[in-house]
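These protein sequences, in sequence, are chains E and A. Residues 4 to 241 in the numbering used here are what the first sequence lists, from first letter to last. Residues 4 to 241 in the numbering used here are what the second sequence lists, from first letter to last.
If you are wondering where the hints come from, they were derived from the structure by calculation, not from laboratory data. Any given hint could be a false lead.
Note that the list lumps identical chains together, so a pair holds whenever it fits in one copy or between two copies.
In silico BS3-like links for lysine-lysine, alpha-carbon gap of 25 angstroms or less [said to hold, decoys possible]:
(1) K87 x K103
(2) K122 x K143
(3) K98 x K10
(4) K122 x K103
Protein chains: 2
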Amino acid sequence: MGLENVKALTFDVFGTVVDWRGSITREGQKLGEAKGITGVDWVEFADAWRGGYRPSMDLVRTGKLPWTKIDVLHRMVLDELLVKYNITGLSEDEKVDFNKAWHRLDPWPDSVAGLTRLKSRYIISTLSNGNVALLTNMAKWGGLPWDCILSAESVRHYKPDPESYLGAADLLGVEPSEVMMVAAHKYDLMAARDVGLRTAFVARPHEFGPDREVDVEPEDWVDVYGTDFENLASNLGS
Amino acid sequence: MGLENVKALTFDVFGTVVDWRGSITREGQKLGEAKGITGVDWVEFADAWRGGYRPSMDLVRTGKLPWTKIDVLHRMVLDELLVKYNITGLSEDEKVDFNKAWHRLDPWPDSVAGLTRLKSRYIISTLSNGNVALLTNMAKWGGLPWDCILSAESVRHYKPDPESYLGAADLLGVEPSEVMMVAAHKYDLMAARDVGLRTAFVARPHEFGPDREVDVEPEDWVDVYGTDFENLASNLGS
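Here chain E stands alone, though its shape is the one from the complex (with noise of 0.2 angstroms):
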């Protein structure tokens, strides 16, 4: 496979690694019920909030935004959702807390045990959209061993910009040929692959929930294909 000279894993994370859906739904439930609101789907809701990201996100990546933190794009759309959904009654606090939620992701049944045989054989780090602080705390809520917290926030351009791979390389102190960039999602690994790095797609069917069909195909320019972390571990040796 001429994969030898990989030396660093760099990780999507939002789908990849963690169940947002999963994980926002848990947390928006437990809020209606502390202080009960009724009548919202929260699974809805988690869709919703994470629909609202990429394009806030697409302000920034098009320059109509300076550079702005997930944190505050998360905020701005839960401010939006919170007028649609006629939730009111919540302090600043607790929005702030709510916002949160999104350090709060569980990881997938397989990321810990994957992720900690794949550290032994190269360097594993995050390459997220997420801000540091939220991949930070994210890995201590979820206990992901992590080498290095990478995100676009430390090279200012969010993927799929071509700067967000090749800065993460370059802190690595690597080539873009020296670094494979494992994602659930194509769009990311084919941005990925234009600049040079080699690319691990990991199947998460489950991402979207039970009634969506995600696209798990193979493809034959990803380099390595894994069901799941575990199995992309075997699959590279590890």
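Add chain A to chain E, keeping to what the hints say.
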């Protein structure tokens, strides 16, 4: 002590967490034996290499050099020292590897145990002038259990520039007063304190070897004093 709101500890690394002098001396001796280099006092060489670090960094801090990583600054100093010590016959690969001796510095005996205790209560991050790759490789080498790797490189300002400390707090998503800088060097702590961080001094009397007096006196402007990292953990209730 009013330190209840401290959420993150940021650590100076060279001298505070790791023994650069002993480690670089050992790497020099190893190279000397492998290449038959004689007549070099590798302890003196280590001191000279470290001695070239601050002047070269100050060229960046004062704008005489554009942003330049420590790996590159270390190499500039190394190239001068190889001439000065009349060390010839090294291939480019050998020079690259010797320069990476700074990625292979050994922790002080108490560092890993103390950091592990502190990690149970705080976010623990590097805040070093070493670049991200250097700090990441060093953590893997020495088993340092960081939650996050932050560097002057993360904000493109070397310590003791105020931006380095304030940028680290911003990346960690906390207020400056919620961050405690940990260092064996008072100038580093003074600069951190001046922009609102809390401070912890750790005594490293042997950083410069047995013959050089090191200032390890307690100061009333320092929030916490530790005789080593285990003692610091005890003094912080970890």
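Hint check:
1. K87 x K103: Within. Shortest intra-copy distance 20 angstroms satisfies the 25 angstroms Cα cut-off; inter-copy 55 angstroms does not.
2. K122 x K143: both (17 angstroms within a copy, 9 angstroms between copies)
3. K98 x K10: between (41 angstroms within a copy, 20 angstroms between copies)
4. K122 x K103: The answer is between: 21 angstroms across copies meets 25 angstroms, while 27 angstroms in one copy does not.
The structure shown violates none of the earlier numbered hints.
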